[in-house]
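Undergrad: As a plain string of letters, each chain reads:
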Amino acid sequence: MNLGSSVEIITEWDIVAARQLGRNEAKQVGFGTVDQARITTAISELARNIYLYAGKGKIEIERISEAGLVGIKIIASDEGPGIPDLRKVMEDGFTTSGGLGAGMPGVKRLMDEFKVISEVGEGTTIITTKWLH
Amino acid sequence: MNLGSSVEIITEWDIVAARQLGRNEAKQVGFGTVDQARITTAISELARNIYLYAGKGKIEIERISEAGLVGIKIIASDEGPGIPDLRKVMEDGFTTSGGLGAGMPGVKRLMDEFKVISEVGEGTTIITTKWLH
Amino acid sequence: MPQEVTKQYKEIMSKYLESQSEEDLYVGQQFSRRFIEKDIAPEDVISIHKSALFELHPNLRKQVWDSLDFLIEMMIHYGLTMREHQSLVRKQEAIQMEMNVATKVQDTLLKTVEPDAEGLDVGWISQPAHQMNGDYIYFLNQENASSVAVADVIGKGIPAALCMSMIKFGMDGLQNENSSPDNVLGIINRIVEKSVDDSMFISMFYGKYNSITSTFSYASAGHEPALHFSSGTSAFTELDARGLLLGVKKEAIYDEHSVVLEEGDFVVMMTDGVTESRTENGFIEMSAIKSLLAEKKDESAQEIADYVYSELSRMQDYQLSDDFTIVIFKKKTV
Amino acid sequence: MPQEVTKQYKEIMSKYLESQSEEDLYVGQQFSRRFIEKDIAPEDVISIHKSALFELHPNLRKQVWDSLDFLIEMMIHYGLTMREHQSLVRKQEAIQMEMNVATKVQDTLLKTVEPDAEGLDVGWISQPAHQMNGDYIYFLNQENASSVAVADVIGKGIPAALCMSMIKFGMDGLQNENSSPDNVLGIINRIVEKSVDDSMFISMFYGKYNSITSTFSYASAGHEPALHFSSGTSAFTELDARGLLLGVKKEAIYDEHSVVLEEGDFVVMMTDGVTESRTENGFIEMSAIKSLLAEKKDESAQEIADYVYSELSRMQDYQLSDDFTIVIFKKKTV
Ligand SMILES: [Mn+2]
Ligand SMILES: [Mn+2]
Ligand SMILES: [Mn+2]
Ligand SMILES: [Mn+2]
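Chains as they are written, first to last, in my numbering: chain A, 1 to 133; chain B, 1001 to 1133; chain C, 2001 to 2334; chain D, 3001 to 3334.
One chain only, chain A, in its complex shape (with noise of 0.2 Å):
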């Protein structure tokens, strides 16, 4: 089962867009209103870096079901600068000096399952997964 959809994200009402497209989603998928809201922050924040640091790029969503488990995931992609240092842009902290991958420890929180995949000058692409418990 693989059901889902995309939004570009260019200008900042894409923003909005991806959240209200996850937001529903998540809503169908069955999560209340508190998983709703983190799944909603989780989107808002790689919309987020997308918007500041690569440009553009997408988000996809899938709602998804494994082993009787059912959940939703969020493919955030862009072509943008890449990161450099993915160790450092995963500790604690170094979502206070902003930047490119500001924020991820947060996400990663927010979500169940997170992984992320970077080359510096070819782009960043984030796989995020929530399951309904």
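Hints were generated in silico from the structure; no laboratory data involved.
Be a bit skeptical, because a hint or two may be false.
So these bits of chain C aren't anywhere near chain D, every CB distance computed over 12 Å [said to hold, decoys possible]:
{"no.": "1", "residue": "Y2009"}
{"no.": "2", "residue": "Q2020"}
{"no.": "3", "residue": "F2031"}
{"no.": "4", "residue": "H2057"}
{"no.": "5", "residue": "L2060"}
{"no.": "6", "residue": "E2084"}
{"no.": "7", "residue": "N2210"}
{"no.": "8", "residue": "T2213"}
Footprint (simulated), chain D over chain A, 3 or more residues, beta carbon under 8 Å [claimed, not checked]:
{"no.": "9", "stretch": "54–62"}
{"no.": "10", "stretch": "106–120"}
Virtual Cβ for every residue (Gly too), placed ideally from N, Cα, C.
Chain A is fixed; fit chains B, C and D with the ligands onto it per the hints.
TA: Chains B, C and D with the ligands in isolation, oriented as in the chain A frame:
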């Protein structure tokens, strides 16, 4: 000017009485709802420490004014075991370890001024003040 | 609380109450980040919320206002946690700065000079898993002989730094002495044994290249075996020698062995951070490491070392689980 | 969120909405601490609050529920801050454990043996302002001579520990050599100068007591002067000697002076943590320190040291602003 009154702390009920007294006084002084809650919480922590670790003691609450400022002063005193290592008790993170002096950094944060005098075997006195800004 | 904040909060919430639009939530959430930056506690947020709601809808039932007062009370300890957090963040920043200074001092204090021996090409890399490195390389340069000690010291941070300084100052004292590997390990072992308690162990490999005889002699204190690549057979041989970890026993004896290097031969000394590289699917096989080395057999010692590091680090998703050190002694082809 | 939590929250809040009593707020606040212990985020609290209020008063106006949804959104970043806090607390605990190990290792590795010279009574105390001590005492024991180096090393933590190890291993090498104070400082200065960069300074006082001649000879590398108490005149004399801080200049020269100790005389060597003790009202006067020393002139060297520490520490409200070290050499009365 020096208005105030005091509550003996022997049972858990007395903690509530001290809180009530503190909240009333704080309201009289002119503190807003949130600061009333903060002052009350500080009193609550101090009274609980007396109740839990010293057995009995006293909370005195005074309205104070100085150099055109008004505020509230709380004096918590007991003749309990005293605090062997004051340096440690005032450190953050010690909060979680429970025991005598637990939550002291919290009380300090809720109020503006904080002073502790303690002698092992003699007891402890804590004087803490909050000014209306 | 500044009036301005309540006013803005009221405006944003008022819009949301009219439309329930995602846009208002986005604006509100961005606004809430500024609250955090300005140290506005969660109980203050509830209070601002209450004021704003009251200005917008003064006629809501009394329970609404009372319930918000109750909520303020519930939030006080959350506010304390947040303020404790800010103090911890500052502490952490101070520690970070201290660590940066420490790393710099350690680099200066424990620095060692790469040998420049006739006919020998030396390459090395040493990467910490976290900020401070617990692996240590010390080069000893004497006439016609280039030696290296590769050590993995116990723990990290200060204990590790102290162990390294012990090795460094011990080795410094050897400049004009007999530097045969078994003798060196014996001397360092006695210094370590004397200075540290029983819980502290250091593994060390000591290799010495004699540029007149082209002989590589070595001894090991419980360290990873080195690898000898023979350019003639294109095969690897393990170079291991019996010997206890440093600091265990005062009178420990270290075996010494040696091998003659032919042109294009190289010896790879490593710490267990290399041989025990781990991926999600388990340890990386020794054969894989040998393949990487062999691929670059015709490059310089430094290029071989750099290549092995970059490949193994990639295979581990850039997350080293242990400090990673390689030293390569390669006999130049003339 | 467990149903049970919402149920209890509802009950407590329901009571509060009926009576607005302080008792209910107290119970509620105690309950909120358990929330924090159970990692319940502030946005969860708002959600619990909303459910409880809905169950109690389902007919409140729509704006109430919408405004609480808005509030949940406002709290998400507070929740993140709180979770980041928990991770920092764990980090901090790990660092604390590491520091405890480090302190232990440092103590073992840098330990020094108190001299036991004929006719000499030695007392000392060294207290760190924070966990790791940046002051260092090293005793050197030779036949008929007891020496001590009192050093204040730059910084703290790892840089300090490394500086100390430099001093220690440097001094260890002096066991059988000429230990005259000017010579010792000259040797240590060269080691330090070679090993550290220009930004690192160490101050050191070196004192040597010859038990045959009862002579105390000394040299100083930019360190606090020592005090000589004469039992004959009951007066103090400063013992100072010209010399640069260690590590500044390779060929620094250190002056050496000496004084003969009479029975009951004592020499007090200190770091600036003693002489620059600060209270709310400014520095503690040197005369006050001399008075404290004089008060205990007839006690053992250790008792004098302990007394000065306990008094100065009390005057500073138990908050040392710098590491505090005193070493006393007292000529025994026979
Ligand atoms: Mn290690
Ligand atoms: Mn290792
Ligand atoms: Mn110092
Ligand atoms: Mn000092």
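Undergrad: Which of the stated hints cannot be reconciled with the structure, identified by number in ascending sequence?
TA: Violated hints (numbers, rising): 1, 2, 3, 4, 5, 6 and 9; every other hint is consistent with the structure.
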